[in-house]
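There are 2 protein chains.
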Amino acid sequence: MTQTTQQRFMDLLKEQSSYGEAIGLMAWDMRTKAPKKGIDGRSEVLGVLSQKVHEIQTSQEMRGYIDELKGNVADPIVQRSLEEAEETYEKTAKIPTREYREYVTLQSKAESMWAEAKEKNDFESFRPYLEKLVEYNRKFADYWGYDEHRYDALLHNYEPGVTVKVLDEVFPKVRKALTHLLQQTQEAATQPDPSVLEGHFPKDKQAQFSEEILKRMGYDFDAGRLDETVHPFAIGLNTNDVRVTTKYDEKDFRTAVFGTIHEGGHALYEQNIDPKLAFTPLADGTSMGIHESQSLFWENFVARSEGFWKNHYELFKKFAPESFQDLPLEKFYPAVNEVKPSLIRIEADELTYCLHIMVRYELEKALIGGEIEVKDLPELWNQKMEDYLGVRPQNDGEGVLQDIHWSGGDFGYFPSYALGYMYAAQLNTAMRKEIDVDQFIEMGDFKQIKSWLTENVHQYGKMKKPLQILNDITGEGLNPDYLVSYLSGKYKKIYNFS
Amino acid sequence: MTQTTQQRFMDLLKEQSSYGEAIGLMAWDMRTKAPKKGIDGRSEVLGVLSQKVHEIQTSQEMRGYIDELKGNVADPIVQRSLEEAEETYEKTAKIPTREYREYVTLQSKAESMWAEAKEKNDFESFRPYLEKLVEYNRKFADYWGYDEHRYDALLHNYEPGVTVKVLDEVFPKVRKALTHLLQQTQEAATQPDPSVLEGHFPKDKQAQFSEEILKRMGYDFDAGRLDETVHPFAIGLNTNDVRVTTKYDEKDFRTAVFGTIHEGGHALYEQNIDPKLAFTPLADGTSMGIHESQSLFWENFVARSEGFWKNHYELFKKFAPESFQDLPLEKFYPAVNEVKPSLIRIEADELTYCLHIMVRYELEKALIGGEIEVKDLPELWNQKMEDYLGVRPQNDGEGVLQDIHWSGGDFGYFPSYALGYMYAAQLNTAMRKEIDVDQFIEMGDFKQIKSWLTENVHQYGKMKKPLQILNDITGEGLNPDYLVSYLSGKYKKIYNFS
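Same order as they appear, the protein sequences are chains S and Y. Quick note on this note's numbering: the first sequence kicks off at 175 and runs consecutively. Quick note on this note's numbering: the second sequence kicks off at 175 and runs consecutively.
A portion of the hints provided could be inaccurate.
The list treats identical chains as interchangeable, and a pair is accepted whether it falls inside one copy or across any two copies.
To be verified - Derived lysine-lysine pairs resembling DSS-like cross-links, with alpha carbons at most 27 Å apart:
{"id": "1", "residue 1": "K188", "residue 2": "K226"}
{"id": "2", "residue 1": "K377", "residue 2": "K421"}
{"id": "3", "residue 1": "K226", "residue 2": "K450"}
{"id": "4", "residue 1": "K313", "residue 2": "K265"}
{"id": "5", "residue 1": "K377", "residue 2": "K664"}
{"id": "6", "residue 1": "K210", "residue 2": "K389"}
{"id": "7", "residue 1": "K491", "residue 2": "K377"}
{"id": "8", "residue 1": "K188", "residue 2": "K283"}
{"id": "9", "residue 1": "K450", "residue 2": "K283"}
{"id": "10", "residue 1": "K624", "residue 2": "K210"}
{"id": "11", "residue 1": "K379", "residue 2": "K624"}
{"id": "12", "residue 1": "K639", "residue 2": "K244"}
{"id": "13", "residue 1": "K492", "residue 2": "K624"}
By construction, these hints were calculated from the structure, which means they are not laboratory data.
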């Protein structure tokens, strides 16, 4: 009888993840292919299917399976699926249905209000929506519960195991090191010349080069595809259908090339999850931070390295415009690694990127904690940007309104980006103890690098929690020293300071 | 209270059609964009969602709404939706659940077995599957019931109101006329020279011309898109997202150009259904035959007409290769209208097309009626092709295995193609009483033609039954004389006989 209940439980999870795949495809389609007039109708369909997923997650049927099977199953996949299902059940069931519905409606309204407000640099028109979103998230955090800081309850959604206590210890340390490094690069006598990268680089040539690199990374085009979008993303519909999108800027190839490799890193993760996890809630990245460690590993530790360009610069030149043909690698490599404090997170270089994240973390933590209010955000944002990066937005479009996250109610998400970067540095160090990463990068042979990541990270999906993955690989928890040491080594060499 | 039940009924229909839209998008994606390795997982998801639709259609909840609301609602849309829901309920509920599941499994297996058998010209490997499909369809027809011929029960699924009795009266008459016409064209002294159409016509140029024609027809690219597939189709996800696909043959532009216009005719129908019918089962073409009348009207009555090319030949030449630049219209127009008995239905010309349909109709009618058996099909097929068209397949790939329909269990579908053609001729005659069709075609101004079709056909969706639409427009039922007279007039002129 337990066998039958188990089978029915797994069937229900399969139904749930089938809706998930359909929702994923609709989302991909809306951003890449769907005709604009069809969007309204499609949103309604998305609403119906999302509601269905929510109903399953909080159903009496699901509760019944959990109660009956808990502590009563041998199969580890079923065991972990039960844990995931129970956590989702508890989390969802704690929010009153009426509030959940209001919140979903608010989210979709807020996102379009944000887009308009950003366009017009008009924070005030978005403020009332953001206030409500913050209010709901405060309430939800209280429903869910936490030990020390209300914000911990939100962090848990994206990076289970990481708390305010951890971040407040790690982030200031990293900030201090990065700020110091930044100053050193700015004062260095040797400065890269990014103007050498200028010139018209046709979209199709960028696409051909990007596709070639994706193939070399081991991205399987028979289980994926590459399309163009305004906001690049990777999405796993199932492990055999993981799609990447990218954005082309004909004036700056870096957007597409590094962007595609970044999304390719996410996609490799999803393509290489153990097929046995298919149609369970485990067939997904284990956390936002671990996901980001994969994309950032490929984007920065591989594709922005000197060895990578030693090997791939000749290939690059086959697709690149005339102006690159006589540009020596010694000028090209520093140029693609220029450090320059800037206003926009997604355009930031490797060194300043984490500082952007810290601005956001401190503000959202204080918002959720009730220490600041939404109306204070623009000024606080600008002040922090000036303090940490030395640049000050001239308007809210390039300031507090630049990111979509808050408009969807995603508080607690931003730290994942910085955590992912630190994880990537820790993985990078561990990998180098086992294989000769530099040599493989210089040979343009990524098979063993990809295999190492699959073996240690990808295959597990959600079978292991993020800090367990980290610990199994490195023997320690979150440790920012590896990132600081990597960045320091890299920029000392490029900027020639000691 | 009735108001509340009505709302809940319409909500359930909305849920059902939301799954329908998701299923439609997945189907489109599988044929156009999906990576090949993802197909298996996707098929499972399709299975889950199709099962969901089936559950809703046959649910106690649905039965309850039907019983409570029937004869008890004022809104005509709700009224017709009730009728549709009840018909679907009755039809589906009459099949035992076990048999339905077996049949669904059989269908998907049979389709892949058919593809393999066709590839290898091996009817025997497909025969056992086809035998089972026929057996199920015989049983289903008996469950559903019929007055005179068991095949009527299947015909009803595609063309309600049309029966064996009607077809057995109409088809032989048409066959006689077409055979006679065919003989006249073959014996005529004037013969078109199709070799003038030969030459390499690049895909992208064909696409540009096809898109331009679609736009002129009034196809809204903001509510649709054009992609490439092996088997062209049009699919309406919602009225604001109706997609067209086409196939390019660089050696023969006719495949893509006439194919795109054909699918464009289907798409115009779906784009112009009254938006008030959205999320009901009425937001769809009223029958396969009426749908086909729209595609064939545009493909044949418009795009294969002399007036069309008088206007569009100059535009065509802008995209066409060198060899067309000195080819006079007087040679081009007869060439694209060459009549030639051939083996493959989808490559048939306007005159012989219906003869292909009749071969299929007679065989499937006899199969379902139990007068012939599956094992006899190949020989009977070849014999009928020889009798009606004077050509004999050399293998089953170009004979009985050429079409996908039977492998999906779609018996009763084929007659819709011929009916659609006759309907189109009837609509064409009726339209000409109200607007100067020839003049508009020659001017390349299709606005009024499209409006006429929207007003008389498109807008209603399933609000009107097919024969009601026909009768409201023409004042009569199915009448093949218009088609015969149209073809006779056309070919007399091209082949110059009297």
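Hints, one by one, checked against the model:
1. K188 to K226: both (13 Å within a copy, 13 Å between copies)
2. K377 to K421: The answer is both: 9 Å in one copy and 26 Å across copies each meet 27 Å.
3. K226 to K450: both (25 Å within a copy, 24 Å between copies)
4. K313 to K265: within (13 Å within a copy, 50 Å between copies)
5. K377 to K664: Result: close neither inside a copy nor across copies, 30 Å intra and 49 Å inter.
6. K210 to K389: Between copies only: 16 Å across chains, 32 Å inside a chain, cut-off 27 Å.
7. K491 to K377: Classified as within; 15 Å inside a copy, 29 Å across copies.
8. K188 to K283: Between copies, since 22 Å is at most 27 Å while 31 Å is not.
9. K450 to K283: Between. Shortest inter-copy distance 24 Å satisfies the 27 Å Cα cut-off; intra-copy 38 Å does not.
10. K624 to K210: between (38 Å within a copy, 22 Å between copies)
11. K379 to K624: within (26 Å within a copy, 41 Å between copies)
12. K639 to K244: Within one copy only: 19 Å inside a chain, 55 Å across chains, cut-off 27 Å.
13. K492 to K624: Classified as within: same-chain Cα gap 26 Å, cross-chain 50 Å, threshold 27 Å.
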